[in-house]
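S.K.: Listed below, chain by chain, are the residues.
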Amino acid sequence: MNKKINKPSEKDFNNPYEFGFETDIETVFAPKGLNEDVVRFISDKKEEPKWLLDWRLDSYNRWLKMKEPDWSSLRYPKIDYQDAYYFSAPKEIEKPKSLDEVDPKLIETYNKLGIPLKEQEWLAGVAVDAVFDSVSLGTTFKEKLKEDGVIFCSFSEAVKEHPEIIKKYLGTVVPNSDNFFATLNSAVFSDGSFVYIPPGVTCPMELSTYFRINAAGTGQFERTLLIADEDSYVSYLEGCTAPMRDEHQLHAAVVELVALKGAEIKYSTVQNWYPGDEEGKGGVYNFVTKRGDCRGDNSKISWTQVETGSAITWKYPSCILKGDNSSGEFHSIAISNNYQQVDSGTKMLHLGKNTKSRIISKGVSSGSSSNTYRGQVNIHPKSENSRNFTQCDSLLLTGNCSATTIPYVESKNKTSTIEHEATSSKISEDQLFYCLQRGLDEEEAIALIVNGFCKEVLQKLPMEFAVEAQKLLEISLEGSVG
Amino acid sequence: MSGNLLEINDLHVNAGDKEILKGLNLSIPFNEIHAIMGPNGSGKSVLSNVLSGNEDYKVTSGQIIFKNKNITELKPNEISNLGLFMAFQYPLEIPGVTIMNFLKTIHEANRRANGLEVLGPSDFLKYVREKAEILGINDEVLKRQLNVGFSGGEKKRNETLQLLVLDPVLTILDETDSGLDVDALDIVSDGIVGMKNEENSFLVITHYKKLLDKLSPSKVHILVDGRIVESGGPDLADKIENKGFESFN
Numbered sequence: 001m002n003k004k005i006n007k008p009s010e011k012d013f014n015n016p017y018e019f020g021f022e023t024d025i026e027t028v029f030a031p032k033g034l035n036e037d038v039v040r041f042i043s044d045k046k047e048e049p050k051w052l053l054d055w056r057l058d059s060y061n062r063w064l065k066m067k068e069p070d071w072s073s074l075r076y077p078k079i080d081y082q083d084a085y086y087f088s089a090p091k092e093i094e095k096p097k098s099l100d101e102v103d104p105k106l107i108e109t110y111n112k113l114g115i116p117l118k119e120q121e122w123l124a125g126v127a128v129d130a131v132f133d134s135v136s137l138g139t140t141f142k143e144k145l146k147e148d149g150v151i152f153c154s155f156s157e158a159v160k161e162h163p164e165i166i167k168k169y170l171g172t173v174v175p176n177s178d179n180f181f182a183t184l185n186s187a188v189f190s191d192g193s194f195v196y197i198p199p200g201v202t203c204p205m206e207l208s209t210y211f212r213i214n215a216a217g218t219g220q221f222e223r224t225l226l227i228a229d230e231d232s233y234v235s236y237l238e239g240c241t242a243p244m245r246d247e248h249q250l251h252a253a254v255v256e257l258v259a260l261k262g263a264e265i266k267y268s269t270v271q272n273w274y275p276g277d278e279e280g281k282g283g284v285y286n287f288v289t290k291r292g293d294c295r296g297d298n299s300k301i302s303w304t305q306v307e308t309g310s311a312i313t314w315k316y317p318s319c320i321l322k323g324d325n326s327s328g329e330f331h332s333i334a335i336s337n338n339y340q341q342v343d344s345g346t347k348m349l350h351l352g353k354n355t356k357s358r359i360i361s362k363g364v365s366s367g368s369s370s371n372t373y374r375g376q377v378n379i380h381p382k383s384e385n386s387r388n389f390t391q392c393d394s395l396l397l398t399g400n401c402s403a404t405t406i407p408y409v410e411s412k413n414k415t416s417t418i419e420h421e422a423t424s425s426k427i428s429e430d431q432l433f434y435c436l437q438r439g440l441d442e443e444e445a446i447a448l449i450v451n452g453f454c455k456e457v458l459q460k461l462p463m464e465f466a467v468e469a470q471k472l473l474e475i476s477l478e479g480s481v482g
Numbered sequence: 001m002s003g004n005l006l007e008i009n010d011l012h013v014n015a016g017d018k019e020i021l022k023g024l025n026l027s028i029p030f031n032e033i034h035a036i037m038g039p040n041g042s043g044k045s046v047l048s049n050v051l052s053g054n055e056d057y058k059v060t061s062g063q064i065i066f067k068n069k070n071i072t073e074l075k076p077n078e079i080s081n082l083g084l085f086m087a088f089q090y091p092l093e094i095p096g097v098t099i100m101n102f103l104k105t106i107h108e109a110n111r112r113a114n115g116l117e118v119l120g121p122s123d124f125l126k127y128v129r130e131k132a133e134i135l136g137i138n139d140e141v142l143k144r145q146l147n148v149g150f151s152g153g154e155k156k157r158n159e160t161l162q163l164l165v166l167d168p169v170l171t172i173l174d175e176t177d178s179g180l181d182v183d184a185l186d187i188v189s190d191g192i193v194g195m196k197n198e199e200n201s202f203l204v205i206t207h208y209k210k211l212l213d214k215l216s217p218s219k220v221h222i223l224v225d226g227r228i229v230e231s232g233g234p235d236l237a238d239k240i241e242n243k244g245f246e247s248f249n
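Residue numbers (the numbering used here), protein chains in the order written: chain A, 1 to 482; chain B, 1 to 249.
In short, the hints are calculated from the structure, not lab data.
All residues carry an ideal CB built from backbone N, CA and C; glycine is no exception.
A few of these clues could be false.
Claimed, not checked - Here are the computed distance ranges between Cβ atoms for each label pair:
hint, chain 1, residue 1, chain 2, residue 2, range
1, A, His-162, B, Glu-117, 49 to 59 Å
2, B, Asp-123, A, Asp-148, 40 to 50 Å
3, B, Gly-41, A, Asn-385, 55 to 65 Å
Said to hold, decoys possible - Straight-line Cα separation of at most 27 Å, BS3-like style, residue types lysine-lysine; simulated pairs:
hint, chain 1, residue 1, chain 2, residue 2
4, A, Lys-471, B, Lys-104
5, B, Lys-67, B, Lys-196
6, A, Lys-426, B, Lys-67
7, A, Lys-455, B, Lys-104
8, B, Lys-104, A, Lys-426
9, A, Lys-471, B, Lys-75
10, A, Lys-455, B, Lys-143
11, B, Lys-58, B, Lys-44
12, B, Lys-196, A, Lys-455
13, A, Lys-426, B, Lys-155
14, B, Lys-75, B, Lys-58
15, B, Lys-44, B, Lys-239
16, B, Lys-75, A, Lys-426
17, A, Lys-471, B, Lys-143
Said to hold, decoys possible - To list a few chain A residues with every Cβ distance to chain B over 12 Å, as calculated:
hint, residue
18, Glu-108
19, Lys-160
20, Asn-338
21, Gly-399
22, Glu-429
23, Asp-441
24, Glu-456
Just chain A, with the same shape it has in the complex:
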């Protein structure tokens, strides 16, 4: 399969507003709280067909009977689900009027990442009423994708334009009974992305939510559905290296991937939601359900993630290896600083024969943060000759932080093998002194050592993301020593 793809040039990335960003000044919002009427309101606003409204209502009713999971190592105050807006919060609430009202640390970070002022305002959620020029490049990309039959649009648009595909695949990887947060999302999801790659097509470019992030509006209850039809290939980039400030504290996204026979999906994420300030105040609670289904034989799904943001991260991108010879990969870097809490990992469910999975997890903890890897590898009795390799490495930078590795492994087939390696280390004083003697200051030295520690995963990121991610690691760990 030809994997050559046309990458957007660096120039394109530096001019995000050429991508047709638009601001919608209209404020339409449902009242606070969650009930059937709110679910109907959301569906109505989006002019959804009845089957989707029914699905939302079914989800809502299931959700009412569910309990918030408490098995993770995360500690956070009880969330009052009736004290939140589920459809577009009124814009005047909590919005800073200018960058002067935004956490100066956040601005400092934007400057270090070289983000233009206008974009800083947007990221920080400043109430801007400037209408950005909607142009062209975004449209150009769309045209190009259209030629190949690739569909890449917002979820809402897909519901209108391609209801048959949505109906066929929605909820088939993450059912609306799956878990508390996914079920909540199924009831109230706001918008998200939809991707369909037709059979035999290698997607001509990396698809990125960055191109149309504004159209997605709120990322609070995002819903993404990506289908790679037979023998197709797609690389999808989600997220943004810039820390995004959001008035919503609770985020519960769902991502469903379907890889049919011979298809390959590479899904990369850089997640950098606002982590709260140095005392642990504020910050996003991020409860995400991401799952890929290697539905066809010889299919492949790989997850690569760099997690540096959010106050709370609850996230386990998983693979269901249904097709024979299918393979799943999970490469993860999770950085936690200050009072951040991360409980993240993956699930690899081997069902088909000769299936393979590979897990590489790198956790870096600093400050008073806690960082847990939680992973599950399950080999079904009929999954012959399957293999899993797991490697979990933790690096601790300070004495107050913690790193935990919790692997659940189960093989019910004698011909299959599971390997697990775990290491835990601290940056040694000697290593630091060595770097300092060569002229690096402590932060530079730690950044270098951490980048080395994470290299295996950083290499899996698409080029343009890798450079940004490397810079991001440095920024995330600033002030973690001394």
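Fit chain B to the supplied structure of chain A, relying on the hints for placement.
M.R.: Coordinates of chain B only, in the frame set by chain A:
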């Protein structure tokens, strides 16, 4: 103002509660190679660490003057960027960081600290290859992780490469010759002789005479129990070779 590159005045240093250096005096002028010899436990490694600003050791009194600047209280990176390089006796491993990347990072830090422009990628590559060639290090080696899976001798060669790339005014070789076979010793010492010029000086800390034969120091100091007990010409090294350190106790 003194004309010396390095001046150590009555230096007392503790490791924990124990005094290791007990009033050490030493001057190294510009453009000279000096050697320090001494038995195990005499304080040789502590001296090189203290000169490099290692905070594991506490200076209780005395002064270290480098380039006419009191560096006694400076941080290791500040001292380094003034132009002091220490080749480690046991070079550290940095997993995941290639030799090339490490060289680039330290070279840039050094240039920035001295207000110099950072070299572009191709100029830097050319610069490193020049230095690497002197030591017989090829591109494949430059792509390997720093000191990971290298033998003791190869690690010393990596140290020497960093030395050539940073091109400091004062180099401390902390038992760089230990663990080296004859061939490796030749490569390392040739590299050092090659970089010697009128503007730099060396302090060679060693047990053995072999490296000194190659470097022909202008002065040899004998360190015993935290003090320089005798200083002299190269012939002092011969005396040690024949009679050991016993006579200095």
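S.K.: List, from low to high, the hint numbers that the structure doesn't satisfy.
M.R.: 6, 12, 22, 23 and 24
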